[in-house]
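A.B. asks: Single-letter residue listing:
2 protein chains.
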Amino acid sequence: MTHCITCSAPVNIAVIKYWGKSDEALLLPANSSVSVTLHQDQLQAQTTVAASHHFEKDRIWLNGQEQCINNPRIQNVIREIKRRARKQKTDSRDIAAERLNWKIHICSKNNFPTAAGLASSAAGYACLVYALKCLYKLEGDVSAIARCGSGSACRSVHGGFVVWDKGQRLDGSDSMARQIQPHTHWPDLRVLILVVNEQKKHTGSTEGMQVTMATSQLLKERIRSVPDKIEQITQAIHDRDFKTFAEITMKDSNQMHACCLDTYPPISYLTDVSRRIIHLVHCFNKHRQETTVAYTFDAGPNACLFLLKKDVKKFLHLVKRFFPPKTEEQDFIRGNTKQLMENLSNDCEEDLSYFPFDPMEDSLRYIIYTTPGPGPQELPSDQSLLGEDGLPKSLS
Amino acid sequence: MTHCITCSAPVNIAVIKYWGKSDEALLLPANSSVSVTLHQDQLQAQTTVAASHHFEKDRIWLNGQEQCINNPRIQNVIREIKRRARKQKTDSRDIAAERLNWKIHICSKNNFPTAAGLASSAAGYACLVYALKCLYKLEGDVSAIARCGSGSACRSVHGGFVVWDKGQRLDGSDSMARQIQPHTHWPDLRVLILVVNEQKKHTGSTEGMQVTMATSQLLKERIRSVPDKIEQITQAIHDRDFKTFAEITMKDSNQMHACCLDTYPPISYLTDVSRRIIHLVHCFNKHRQETTVAYTFDAGPNACLFLLKKDVKKFLHLVKRFFPPKTEEQDFIRGNTKQLMENLSNDCEEDLSYFPFDPMEDSLRYIIYTTPGPGPQELPSDQSLLGEDGLPKSLS
Numbered sequence: 232m233t234h235c236i237t238c239s240a241p242v243n244i245a246v247i248k249y250w251g252k253s254d255e256a257l258l259l260p261a262n263s264s265v266s267v268t269l270h271q272d273q274l275q276a277q278t279t280v281a282a283s284h285h286f287e288k289d290r291i292w293l294n295g296q297e298q299c300i301n302n303p304r305i306q307n308v309i310r311e312i313k314r315r316a317r318k319q320k321t322d323s324r325d326i327a328a329e330r331l332n333w334k335i336h337i338c339s340k341n342n343f344p345t346a347a348g349l350a351s352s353a354a355g356y357a358c359l360v361y362a363l364k365c366l367y368k369l370e371g372d373v374s375a376i377a378r379c380g381s382g383s384a385c386r387s388v389h390g391g392f393v394v395w396d397k398g399q400r401l402d403g404s405d406s407m408a409r410q411i412q413p414h415t416h417w418p419d420l421r422v423l424i425l426v427v428n429e430q431k432k433h434t435g436s437t438e439g440m441q442v443t444m445a446t447s448q449l450l451k452e453r454i455r456s457v458p459d460k461i462e463q464i465t466q467a468i469h470d471r472d473f474k475t476f477a478e479i480t481m482k483d484s485n486q487m488h489a490c491c492l493d494t495y496p497p498i499s500y501l502t503d504v505s506r507r508i509i510h511l512v513h514c515f516n517k518h519r520q521e522t523t524v525a526y527t528f529d530a531g532p533n534a535c536l537f538l539l540k541k542d543v544k545k546f547l548h549l550v551k552r553f554f555p556p557k558t559e560e561q562d563f564i565r566g567n568t569k570q571l572m573e574n575l576s577n578d579c580e581e582d583l584s585y586f587p588f589d590p591m592e593d594s595l596r597y598i599i600y601t602t603p604g605p606g607p608q609e610l611p612s613d614q615s616l617l618g619e620d621g622l623p624k625s626l627s
Numbered sequence: 232m233t234h235c236i237t238c239s240a241p242v243n244i245a246v247i248k249y250w251g252k253s254d255e256a257l258l259l260p261a262n263s264s265v266s267v268t269l270h271q272d273q274l275q276a277q278t279t280v281a282a283s284h285h286f287e288k289d290r291i292w293l294n295g296q297e298q299c300i301n302n303p304r305i306q307n308v309i310r311e312i313k314r315r316a317r318k319q320k321t322d323s324r325d326i327a328a329e330r331l332n333w334k335i336h337i338c339s340k341n342n343f344p345t346a347a348g349l350a351s352s353a354a355g356y357a358c359l360v361y362a363l364k365c366l367y368k369l370e371g372d373v374s375a376i377a378r379c380g381s382g383s384a385c386r387s388v389h390g391g392f393v394v395w396d397k398g399q400r401l402d403g404s405d406s407m408a409r410q411i412q413p414h415t416h417w418p419d420l421r422v423l424i425l426v427v428n429e430q431k432k433h434t435g436s437t438e439g440m441q442v443t444m445a446t447s448q449l450l451k452e453r454i455r456s457v458p459d460k461i462e463q464i465t466q467a468i469h470d471r472d473f474k475t476f477a478e479i480t481m482k483d484s485n486q487m488h489a490c491c492l493d494t495y496p497p498i499s500y501l502t503d504v505s506r507r508i509i510h511l512v513h514c515f516n517k518h519r520q521e522t523t524v525a526y527t528f529d530a531g532p533n534a535c536l537f538l539l540k541k542d543v544k545k546f547l548h549l550v551k552r553f554f555p556p557k558t559e560e561q562d563f564i565r566g567n568t569k570q571l572m573e574n575l576s577n578d579c580e581e582d583l584s585y586f587p588f589d590p591m592e593d594s595l596r597y598i599i600y601t602t603p604g605p606g607p608q609e610l611p612s613d614q615s616l617l618g619e620d621g622l623p624k625s626l627s
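If you read the protein sequences in the order shown, they are chains A and B.
Each residue of the first sequence is one higher than the one before, starting from 232 at the first, in the working numbering.
Each residue of the second sequence is one higher than the one before, starting from 232 at the first, in the working numbering.
These aren't lab readings, by the way, just hints derived from the structure by calculation.
Some clues are possibly wrong.
Since the list can't tell identical chains apart, any single copy or any two copies may satisfy a pair.
Claimed, not checked - PhoX-like cross-link-like pairs, simulated, lysine-lysine; straight-line CA separation at most 25 Å:
id	residue 1	residue 2
1	Lys432	Lys517
2	Lys551	Lys431
3	Lys431	Lys340
4	Lys541	Lys334
5	Lys252	Lys451
6	Lys557	Lys431
7	Lys474	Lys540
8	Lys517	Lys431
9	Lys624	Lys540
10	Lys313	Lys545
Work out the full structure: start from the sequences and follow the hints.
C.D. replies: If you want it as structure tokens, here you go:
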């Protein structure tokens, strides 16, 4: 007997950032955060979990490579899910109970390159937790369990617009994510991810947060001010008030990176290309005399831009003008391109004197065009990543 | 009758930065600051002022070009100097009194390119104020008058290590600079200025400070913490405690730039080259297992580095290795090069695996090697920039 479940989960982009833990072991954040879950058509983790009495040991494959299952964070997630499932079992004598003693195989992959530097671990852990939840027929919220894998993974457990409450309890049991609006709430909202061409390795976010918590004097002031910002951006999302949403998003991104720079030794995730993107957005908004595009940056140089459907073509035209690909690439713009008209450059003339800089050729690898999207989903069994032998299909 | 005075004044580099005014009109700073005055052999403004009953109007030439004398800051300085001189005159019937009613000619130049982005206005205003002080035989401190020209100019009125107290009085009369140690106090201290090759125009510091004051939430926290830092760095200078001096200097530079990034729209003075210099310094210090080099950045990408004489050759070797000039330039390293041995690269082998990055060719324009230095000085009359006709010698 083998029980097998395949699920998918999305990436999320924080608009009020999580930077700094109040508890390293429990992955409790120093401040609450707000995110937008992105559509899985463009960015998705997919995970198959199988439990069988034939399996001799727990095993895990990520993007085709077997990994060590003893990774503490993976172990935390499996242990916590099983603990919750056993507790539920004693209450309801669930049919899935016997599976709890079987060994499991886990196989996971992303539909986008890890090299893109897009929080793949958040989607990955959310997907693992959601698949195990389905496997063991667990009820209730599992975002706090996803959090034990990767802090921001708890936000990928929900679709649409999500708040991760830092919680009050010392055991972290109330540090969980909740949806504040579904992805259908703001149909005109669009997302562009500008993937920057760069080789450099940056400080990982886990390590970066630790050093910032330990050394940045300014972070304390930031943490104090987050609750007010969350209230404001929640209202802006509720009202579909793009201007307020955009300005809070940009200021919060800048402030997180300011705290990184105030770290000792300082941490810089923004490169000259990132800073040029910021400049382009502000020039565009000034030129249009309203805030029509917002940027946000995580622990890397890639920009995530928010804008409304009506402005996408005009802005993309500018991006292609000032960050031209080296050769005219077919797939420079990826994702939901059917929504875009074929020829971007015809009806999009802007007064270029508003943009006082030269093009930076070959500085972007590609652009992903997407929208907010729903949360994790169970997929039909034909999409399983594991074969009937319990081994990855990609290896057979 | 023509009275003519020629003076020189130095550049200064802040180690506790001035960023933000509490009074725009009086140029009062939001926080006190600390600086090191650099030696005039390398970086110097030179100014001749002449007063004559033959002159028909006040005139000014900067670096060979006549400028409008009605610049409000120049007017502020001239008015304030004359006001003080008249007040003194009524007390002492000074011989210089009659000159106060004559028109003046001012001629000023720098011995370094303005394009280097090194606070030339500070040296320029300090020099103008000092020359006028000599011309009118004014007594007492003139740093508060220099402040009315360009805030940080008040620090260039003194040599060595200088504090600019923000002061308490609303009229700004106690917002002045004082020397905390002469330049001879720390004979081993050396300064390297890495002039970055870049075309981009940045936000001017006057405008930048205004926007930061108006929009940065984090700046308030920074301003609150400055008095403690000034106390600590003053003690470190007194003790010639390089490690403490260096760490406070680096942290304060990072924090000022963090507040710039927390500004809306954000301001970035640091480029990829600046950030690489920062990284090189931290790698070097880690490798040496002690803090032997410190960086600080003003409103631009150029780095000012502090280090001790014993470490200059080793560190310069690394700078040349990782920021090589495009062609082997004779004058890549300028300034006090007689102090350096001819062949930098021989006895300076470092384990380069500590420096995990590739060289950035042609990213530095040149390097200036200098030391702390004395304050403004009166020069012999043969160094006058004005001829006997009261016009710039460079024009005749």
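A.B. asks: Does each hint hold? Answer for all of them.
C.D. replies: Here is how each hint holds up against the structure:
no.	hint	verdict
1	Lys432 - Lys517	between (34 Å within a copy, 19 Å between copies)
2	Lys551 - Lys431	both (23 Å within a copy, 21 Å between copies)
3	Lys431 - Lys340	within (24 Å within a copy, 43 Å between copies)
4	Lys541 - Lys334	neither (51 Å within a copy, 63 Å between copies)
5	Lys252 - Lys451	both (12 Å within a copy, 24 Å between copies)
6	Lys557 - Lys431	both (20 Å within a copy, 23 Å between copies)
7	Lys474 - Lys540	within (14 Å within a copy, 54 Å between copies)
8	Lys517 - Lys431	between (32 Å within a copy, 20 Å between copies)
9	Lys624 - Lys540	neither (39 Å within a copy, 64 Å between copies)
10	Lys313 - Lys545	neither (51 Å within a copy, 58 Å between copies)
Hint check: violations occur at hints 4, 9, 10; the rest are consistent with the structure.
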